[in-house]
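A.B. asks: With chain A's structure known, arrange chain B on it following the hints.
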Amino acid sequence: MARRAGRQLHGGPVTYGVLAVFALGSLFPLVWTAIAASRDNQRLAETPPPLWFGGNLFDNLSTAWTDANMGKALLNTTVVAGSIAITTVLFATLAGFAFAKLRFRAKNLLLLLVIGTMMVPPQLSVVPLFMAIAELEWTNHLQAVILPMMVSAFGVFFMRQYLVSALPTELIEAARVDGAHSLRVVWHVVFPVARPAMAVLGMLTFVMAWNEFFWPVIALTQENPTVQVALTGLGRGYIPDQSVIMAGALLGTLPLLIAFALFGKQIVGGIMQGAVKG
Amino acid sequence: MTSEDLGTASPVKTGDAVPPPAPDAPADRAGGGVDKGAPDDREARRAARRSRRYQRDARWSPYAFISPFFVFFAAFGLFPLLYTGWASLHKVSLHTPTQMEWVGLRNYSRLLEDDFFWQALRNTFTIGVVSTVPQLLMALALAHMLNYRLRGSMFFRVVMLTPYATSVAAATLVFAMLYGRDYGMINWALGSVGIDHVDWENGTWTSQFAISTIVIWRWTGYNALIYLAAMQAVPDDLYESASLDGASRWQQFLHVTIPSLRPTILFTVVVSTIGATQLFGEPLLFGGTQTGGASHQYQTLGLYMYEQGWFNFHLGRASAIAWTMFLILIVIGLLNWLVARRLQKSD
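Chains as they are written, first to last, in my numbering: chain A, 1 to 278; chain B, 1001 to 1347.
Only chain A is shown next, with the shape it has when bound in the complex:
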């Protein structure tokens, strides 16, 4: 066989060794969360620290579920992250389609503007948002954390990159010649083609929204928390029991870990797809 170059080289034992170390490093804190959550507070205040599971997992989980309000937090976060994922995907697909396949004035400038908005962290806008929800008396209401996150520049860019190559222009033109209104084109041509990318964007958005921290901590309280708000409550000492804190962290992360176990391949593919610039 000819000499193989670059990427086709097989990884040697060193490569596997280093990757295994990184994989262990990635997983260890999560595994240890579960170990600590399965012990009790006393055991966590002893040396050496526990390295294997104990029998207290379900007690701690149920304490976290009720006392730390994790049950309500999980439900709230599902509603919030679900709504954000749906609207983000919908609006991103529409805009991505327009940027990928339609002709209109100032298109490139507007696309540049979309990309530019990615550089402005939303954290800098919290004071006026807080003033607004105080005025509307939306503190503690879920719409206060859903509304500001309903669109994403990353999503628009992601869908545009996908549709530029995945959606044949002739398909749109054919539908157009048949007299289809553009909403019909979107429904019957764009959505079916975009479906795989929409699913991936939905998952990525769901993960991001699930883990959104700054704004929910400001807009919500422990009475009606998202997972991150409830965990913040735990971290700020509302419950001093370390094993319960770890149980809360585990509960709040588990849904995403399950999603990664099931759809890890698609999520990895999505992040890599979004990274390649065109």
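Quick caveat, the hints were computed from the structure, so don't treat them as lab data. From the three backbone atoms N, C-alpha and C, an ideal C-beta is built for every residue, glycine too. There may be inaccurate statements among the hints.
Which bits of chain B does chain A cover? Going by a derived footprint, with three or more residues having C-beta under 8 Å, they are [to be verified]:
1. 1067-1074
2. 1107-1115
3. 1175-1188
4. 1193-1203
5. 1280-1294
6. 1298-1312
7. 1326-1336
C.D. replies: Frame of chain A, contents of chain B only:
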């Protein structure tokens, strides 16, 4: 959406298949439904009407499709950002956020006189450097290894992305325990090789190092995937000719991979830098206080803003901090632009 008026039609000459998208004459509205023209005439009119509708649709639907993004961004991103600038010139209390009293630049001058502001600025910078540089270097190395032909390569990729699935809050709570002074796993491991217990949280460097490791842990795998994607886009023949020239793996990495990845590396540097200026959850939950440690030793600008606004009730001053952070970002953006231009010129 653009509204579609089906009933109106102005008379159009036959053969004029693509009329300009002129506004419809309302005078014709009455005759719209009871059109008694000749069959082919009516046919032509229908075609014209359809084509006009098509025109209007083709012209305006793109704007309709992109408008939700821009409307929401304007309402929840741009406007609040600008209004933050306005609020930063006022005295605003958290308890009465609608009562604003003009104070000019006083919030800013108070900021510059506050030692804690300068400390937070320094902390943000050091934590930013300590968390970003090793993170991106490790991500590059990881991506290079993941780019080899591997058994279970998808397994490695998914596993290295799991920290990304872990929220700031969950990760910080776990790391705070691991870094515990008396019973933490890390001190126990250090103790077993003869190193005395480190009081991670109370030292300046130790706490900033600990917080940086949380950031590194969460983002290294993610950045590795971004680099990997870029590496896979490097044309094979570049490597082939390099290896024909006798370049070793390491030389190939240095002289083929890195130059091809330059735009991606720049992109991740920008994104990580922006992320680093915004650090908030890690320092908040590492010790559980908004001061970032007993002597503010790991308080970042984001946390300082939170403390000023939501614990000292000075929303105006919090706005001034936000705008200061915004200015810092603009400076970073300009620097990045200069560097990018330099690199382009040197090619």
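A.B. asks: Please verify the coverage claim for the region 1298-1312 of chain B: does it have three or more residues whose C-beta sits within 8 Å of some C-beta in chain A?
C.D. replies: holds (count 4)
A.B. asks: Taking 8 Å as the C-beta cutoff, is the stated coverage of the region 1107-1115 of chain B by chain A satisfied by three or more residues?
C.D. replies: Coverage by chain A is violated here, the residue count being 0 at a Cβ distance below 8 Å.
A.B. asks: Would you check chain A against the region 1280-1294 of chain B, counting CB to CB pairs closer than 8 Å, and say if three or more residues qualify?
C.D. replies: holds (count 6)
A.B. asks: Do three or more residues of the region 1067-1074 of chain B come closer than 8 Å to chain A, measuring C-beta to C-beta?
C.D. replies: holds (count 5)
A.B. asks: Quick check: the region 1193-1203 of chain B, covered by chain A? Criterion 3+ residues, Cβ under 8 Å.
C.D. replies: violated (count 0)
A.B. asks: Holds or violated: the region 1175-1188 of chain B covered by chain A, criterion of 3 or more residues with Cβ-Cβ distance under 8 Å?
C.D. replies: holds (count 9)
A.B. asks: For the region 1326-1336 of chain B, do at least 3 residues have a Cβ located nearer than 8 Å to some Cβ of chain A?
C.D. replies: holds (count 3)
Checked against the numbered hints given earlier, the structure breaks hints 2, 4 and satisfies all the rest.
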